[in-house]
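Protein sequence lines correspond, in order, to chains Y, D and C. Per the working numbering, the first sequence starts with residue 25, numbered consecutively. Per the working numbering, the second sequence starts with residue 140, numbered consecutively. Per the working numbering, the third sequence starts with residue 968, numbered consecutively.
It should be emphasised that the hints constitute simulated quantities derived from the structure, not laboratory data. Please note: incorrect hints may appear among the correct ones.
[Claimed, not checked] Keeping only pairs whose Cα atoms sit at most 25 Å apart, straight-line, the calculated PhoX-like set for lysine-lysine is:
| no. | chain 1 | residue 1 | chain 2 | residue 2 |
| --- | --- | --- | --- | --- |
| 1 | Y | Lys98 | Y | Lys188 |
| 2 | D | Lys267 | Y | Lys136 |
| 3 | Y | Lys126 | Y | Lys157 |
| 4 | Y | Lys65 | D | Lys267 |
| 5 | D | Lys234 | Y | Lys27 |
| 6 | Y | Lys190 | Y | Lys68 |
| 7 | Y | Lys27 | C | Lys1092 |
| 8 | Y | Lys126 | Y | Lys68 |
| 9 | Y | Lys27 | D | Lys233 |
| 10 | D | Lys233 | Y | Lys26 |
| 11 | Y | Lys190 | Y | Lys81 |
| 12 | D | Lys308 | C | Lys1166 |
| 13 | Y | Lys144 | Y | Lys173 |
| 14 | Y | Lys126 | Y | Lys81 |
| 15 | Y | Lys26 | D | Lys234 |
| 16 | C | Lys1167 | D | Lys308 |
| 17 | Y | Lys190 | Y | Lys63 |
[Unchecked claim] A short list of chain C residues far from chain Y (calculated; beta carbon distances all over 12 Å):
| no. | residue |
| --- | --- |
| 18 | Asp970 |
| 19 | Ser1118 |
| 20 | Ser1132 |
| 21 | Phe1156 |
[As the list claims (entries may be wrong)] Residues of chain Y clear of chain C, computed beta-carbon distances all greater than 12 Å:
| no. | residue |
| --- | --- |
| 22 | Gly97 |
| 23 | Pro114 |
| 24 | Lys126 |
| 25 | Thr131 |
| 26 | Pro148 |
| 27 | Pro159 |
| 28 | Val162 |
| 29 | Thr166 |
| 30 | Glu180 |
| 31 | Met185 |
Yeah, the Cβ is synthetic: ideal placement off N, Cα and C, and Gly gets one too.
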Amino acid sequence: MKKLADYALRLSIVCVAASGLLALVYQNTSGRIDENITKEKLEKARIVLLGRADEIKIMEYEGTEYFRGFAEGKPAGTVIETSGAGYGGPVRVLSGIGTDGKILDITVLSHKETPGLGSKAAEPAFKDQFRTKSPGDVDTITSATISSKAVISAVEEALVMYEKVKDAR
Amino acid sequence: MGPELLIILFSAMIANNIILIRFLGLCPFFGVSNKVETSLSMGMAVLFVMTLATTVSWTIYYFVLLPFDLVFLRTVFFILVIASLVQLVEIFMKKSFPVLYKALGVYLPLITTNCAILGTAFLTVDYKYNLIESVVFAVGVSLGFMLAIVMFASMRERLDTAPIPESLKGYPIIFILASIMSLSFLGFAGMFGS
Amino acid sequence: MQDRILYLWNTFYNGILRENPILRLMIGLCPTLAVSTSLTNSVGMGLATTFVLVCSNLTVSLIRPFVPSGMRIPVFIVVISTFVTTVDYMMLAYLPGLHASLGVFVPLIVVNCIILGRAEAFAYKNDALPAVLDGLGMGAGFLLAISLMGSIREILGNGTLLGISILGQSYNPVTLMILPPGAFLVIGFLMGALNMMTKKGAK
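All chains, please: the whole structure from these sequences, using the hints.
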């Protein structure tokens, strides 16, 4: 019994030392990590607005985050993240919507679609269609129907949300 | 609620089989699957430990780590939970079910380093499952583990009588066999999509 | 002195070929098969694992006097998971792209059998310097094997290496190679090839 108590004490000391080291690491990196996450989000939002905005503001609607782009202080577009049901899981899409309510550009943030097949839905050949066609007119990719439809439904959902937030300040 | 849980169960068990698709739990998979009996025992042990470990880890994550802003200690906590659970299970089994304990033998401690267990605990947090969904997921994963390892063992038992090129005898052919099994499970991908 | 240097060199070199953790000892398979879909990912994983392995071996070797045998496994686990968490957070902060690719496998370095295996089989029984060299050697062996797999799978499965197309547009990639079955296939044939080479050498 005494041995067990001795072991427990030693193990606790090791755990305390370990937690101490980790707390140090966490403190020194958490700021940078949050920065990275925000930087990445803003950068993607900027790209998807086709460079029309020089400033991006983070906004909120009913608990969901979205972005508003500004050029010289005036609203230049809205960026909304949505996801559609893909073949291998949710397909996350970032949609850039211009002040006229039409899609400027989209980018697929993450997906688990089949490499070489469904993954083509993230590539320019498919996604650039959204720049000129409305989601209902976009051609799906042969043998990647589900992946294509996932992106399409995500974009449609973004447009629906856009209607709700387009006038928000 | 019912059908969603069934989807989680079957998706975890087959379409996203922990061994053949996610690559977790390979060491025991190749080490223990030479006989069907031992595979079955290992599968049962994993089912027990995985379900228990996931439940406890989930609880600790949502009731201790998150509220106290200690998420960065997640890895340490989870693995300690698993190691302690395995130790406790071993002690309990030795006293109360000595026959079963003897049957599982050395495989019980080996479960600690089974990356499938830690991986599953992490996945329930990443997928943001609630407690019931996490338990169902853990059960599905371990059933999938058992399915894969038992099927594999029965195939391996047949290998002795098959004509195999000299260089491929032993582990190489076993991996190639696993490759074909993985291919067949891959066919289920997308069946439980979303 | 010469003997000592030879001993240290052998300790290091052991992990690269003779007792290569993946192709010979058959430990550390999970991350190898899962992460080796491209050379970049393989190298990232190999380096991260080596870092944790060396730190873990060193720490275990140094705290030996404080750790009685009956409680060594939990201690190994705490030490290893601490260093893994450290690598995880440092990667998130300074190499977010690499971290996104390695995904769930960074925390899983904790149960990478190589690290626990070497802590138990070597670091706990040896001094600091040999422990570090063993870590470096095993890490290097792991890095080499996983990079070899990553290269093969990327070239055959994507036509690229390090993201650069090398087989040209006309090559129709064998997508299977970067999917799970491909991983098992490649490692099976790699082991078979190694068997063939060592048999030839024995003759």
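Tested hints:
1. Y:Lys98 / Y:Lys188: Between Lys98 of chain Y and Lys188 of chain Y the Cα gap is close to 19 Å, so the pair holds against 25 Å.
2. D:Lys267 / Y:Lys136: holds (17 Å)
3. Y:Lys126 / Y:Lys157: Between Lys126 of chain Y and Lys157 of chain Y the Cα gap is close to 9 Å, so the pair holds against 25 Å.
4. Y:Lys65 / D:Lys267: holds (21 Å)
5. D:Lys234 / Y:Lys27: Within the cut-off at roughly 21 Å; holds.
6. Y:Lys190 / Y:Lys68: holds (20 Å)
7. Y:Lys27 / C:Lys1092: Roughly 22 Å between the alpha carbons, so the hint for Lys27 of chain Y and Lys1092 of chain C holds.
8. Y:Lys126 / Y:Lys68: Judged against 25 Å, a Cα distance of about 18 Å means the pair holds.
9. Y:Lys27 / D:Lys233: Within the cut-off at roughly 20 Å; holds.
10. D:Lys233 / Y:Lys26: Between Lys233 of chain D and Lys26 of chain Y the Cα gap is close to 22 Å, so the pair holds against 25 Å.
11. Y:Lys190 / Y:Lys81: Judged against 25 Å, a Cα distance of about 14 Å means the pair holds.
12. D:Lys308 / C:Lys1166: Since the Cα atoms of Lys308 of chain D and Lys1166 of chain C sit roughly 13 Å apart, the hinted pair holds (cutoff 25 Å).
13. Y:Lys144 / Y:Lys173: holds (12 Å)
14. Y:Lys126 / Y:Lys81: Holds, at about 20 Å.
15. Y:Lys26 / D:Lys234: holds (21 Å)
16. C:Lys1167 / D:Lys308: At roughly 15 Å apart (the allowed maximum being 25 Å), Lys308 of chain D and Lys1167 of chain C satisfy the hint.
17. Y:Lys190 / Y:Lys63: holds (24 Å)
18. Asp970: holds (35 Å)
19. Ser1118: Per Cβ check, Ser1118 of chain C is outside 12 Å of chain Y; nearest 17 Å; holds.
20. Ser1132: holds (14 Å)
21. Phe1156: About 21 Å separates Phe1156 of chain C from the closest Cβ of chain Y, which puts it past 12 Å; holds.
22. Gly97: Its Cβ never comes within 12 Å of chain C, the nearest being 31 Å, so this holds.
23. Pro114: Since the minimum Cβ distance to chain C is about 15 Å, Pro114 of chain Y lies beyond 12 Å and the statement holds.
24. Lys126: holds (31 Å)
25. Thr131: holds (15 Å)
26. Pro148: holds (16 Å)
27. Pro159: At about 28 Å from chain C, Pro159 of chain Y clears the 12 Å cut-off, so the statement holds.
28. Val162: Non-interface label on Val162 of chain Y holds, nearest chain C Cβ at 24 Å vs cutoff 12 Å.
29. Thr166: holds (16 Å)
30. Glu180: Consistent with the label, Glu180 of chain Y stays out of reach of chain C, its closest Cβ about 27 Å off (over 12 Å).
31. Met185: Met185 of chain Y is indeed farther than 12 Å from all Cβ atoms of chain C, at 26 Å.
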